[in-house]
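Colleague: In order, the protein sequence lines correspond to chains P and U. Here my numbering is used: the first residue of the first sequence is 2, the next is one more, and so on. Here my numbering is used: the first residue of the second sequence is 2, the next is one more, and so on.
Hints listed in this document are in silico derivations from the structure and should not be mistaken for laboratory results. Backbone N, C-alpha and C define an ideal beta-carbon position, used for all residues, glycine too. Any given hint could be a false lead.
To be verified - Listed next, the stretches of chain P that the computed footprint assigns to chain U, with coverage defined by at least 3 CB atoms under 8 Å from CB atoms of chain U: (1) 34-43; (2) 59-70; (3) 77-83; (4) 120-126; (5) 149-155.
Spelled out, the chains give:
Protein chains: 2
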Amino acid sequence: MSGRAIIFRRATKADLPSIIRLLADDDLGSQRERNEDPLPDSYYSAYEEIHKDSNHQLIVAELNGEVIGTLHLMFLPSISFQGGLRAQIESVRIDNEHQNRGIGSQMMKWTIERARARGAHIVQLTTHNSRGDAHRFYERLGFKGTHLGMKLSLK
Amino acid sequence: MSGRAIIFRRATKADLPSIIRLLADDDLGSQRERNEDPLPDSYYSAYEEIHKDSNHQLIVAELNGEVIGTLHLMFLPSISFQGGLRAQIESVRIDNEHQNRGIGSQMMKWTIERARARGAHIVQLTTHNSRGDAHRFYERLGFKGTHLGMKLSLK
Numbered sequence: 002m003s004g005r006a007i008i009f010r011r012a013t014k015a016d017l018p019s020i021i022r023l024l025a026d027d028d029l030g031s032q033r034e035r036n037e038d039p040l041p042d043s044y045y046s047a048y049e050e051i052h053k054d055s056n057h058q059l060i061v062a063e064l065n066g067e068v069i070g071t072l073h074l075m076f077l078p079s080i081s082f083q084g085g086l087r088a089q090i091e092s093v094r095i096d097n098e099h100q101n102r103g104i105g106s107q108m109m110k111w112t113i114e115r116a117r118a119r120g121a122h123i124v125q126l127t128t129h130n131s132r133g134d135a136h137r138f139y140e141r142l143g144f145k146g147t148h149l150g151m152k153l154s155l156k
Numbered sequence: 002m003s004g005r006a007i008i009f010r011r012a013t014k015a016d017l018p019s020i021i022r023l024l025a026d027d028d029l030g031s032q033r034e035r036n037e038d039p040l041p042d043s044y045y046s047a048y049e050e051i052h053k054d055s056n057h058q059l060i061v062a063e064l065n066g067e068v069i070g071t072l073h074l075m076f077l078p079s080i081s082f083q084g085g086l087r088a089q090i091e092s093v094r095i096d097n098e099h100q101n102r103g104i105g106s107q108m109m110k111w112t113i114e115r116a117r118a119r120g121a122h123i124v125q126l127t128t129h130n131s132r133g134d135a136h137r138f139y140e141r142l143g144f145k146g147t148h149l150g151m152k153l154s155l156k
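Start from the sequences, fold in the hints, and give me the full structure.
Modeller: Take a look at the structure:
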């Protein structure tokens with residue numbers, strides 16, 4: 002990684018096409034995203050909802066001016082744990098061409114520190130059962146797979 | 002259940018002691034809550050954060066004027082799934098004395114309809130690996146355990 006300038010920052014609306022490209026570029030994502038030009042309006046509406054809410058931060062990793070990673074950090078006020086603030090991370094992606102170079106790990110560590118600075122007592126995420134590499138990746142960062150993640154589709 | 006008047010409704014500040022009692026009344030919760038009189042201020046601060054945020058709904062189940070169940074419903078704007086709104090449920094509890102009578106199932110179905118009415122495309126939750134009864138309970142409601150839920154403690 003020496004000599005390379007990785008920047009982690011809040012996403013702007015101009016980053017959306019890059020973010021959708023990353024989300025669509027895997028087996029699960031390709032079935033549920035629409036990586037079209039122009040992008041469907043629903044992506045822009047969701048971006049506006051996220052952007053205006055101080056509990057939500059859409060993050061990108063930029064390498065040499067190109068967006069090569071993304072995640073969505075959110076803060077969830079909660080009664081449990083004595084009213085403790087939770088951080089949750091969704092939609093983590095690193096460009097296939099840049100994987101296994103430590104960028105994902107850097108992005109996660111940067112995000113975890115951001116959660117800690119905000120006062121969160123825990124960072125939580127779920128990963129699909131089929132993503133074994135992701136499970137090991139998160140375990141190396143200190144995450145423990147203590148929970149079953151369950152989903153009910155309403156469509 | 003015939004003849005009994007179950008009401009599901011948004012929680013008020015006056016419900017907090019009942020909610021904390023429910024959260025504290027199990028093996029995991031007893032280790033992390035402080036069910037004291039008066040309650041620690043952190044619970045009230047968290048309640049205010051939840052109450053003022055239109056994406057969060059703290060719910061209680063009331064039977065004959067007594068709070069016997071609770072859950073926290075939240076709506077999460079998201080870029081993924083074509084900018085689809087997610088619903089998430091946390092901190093589900095039914096009073097031990099009222100379990101196995103279908104009240105939890107009624108509360109969840111009421112909540113799922115609330116999520117559907119808001120336009121969520123999915124309802125997601127995690128349950129601790131040790132809560133096997135809960136896994137079967139959610140499966141009966143249609144949830145699928147497709148994900149590993151991972152947590153990183155920051156304390």
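Colleague: For each hint, tell me whether it holds in the structure or not.
Modeller: Quick rundown of the hints versus the structure:
A stretch counts as covered by a chain when three or more of its residues have a beta carbon under 8 Å from one of that chain; for the region 34-43 of chain P and chain U the count is 4, and the coverage holds. Under a criterion of three residues with beta carbons nearer than 8 Å to beta carbons of chain U, the stated coverage of the region 59-70 of chain P fails, only 1 such residues being counted. Counting residues of the region 77-83 of chain P whose C-beta lies closer than 8 Å to any C-beta of chain U gives 7; at least three are required, and the coverage claim holds. Chain U is given as covering the region 120-126 of chain P, and this holds because 6 residues of the stretch bring a CB closer than 8 Å to a CB of that chain, at least three being needed.
Remark: the region 149-155 of chain P is confirmed as covered by chain U, as 7 of its residues place a Cβ nearer than 8 Å to a Cβ of that chain, reaching the required three.
Of the hints listed earlier, the one the structure fails to meet is number 2.
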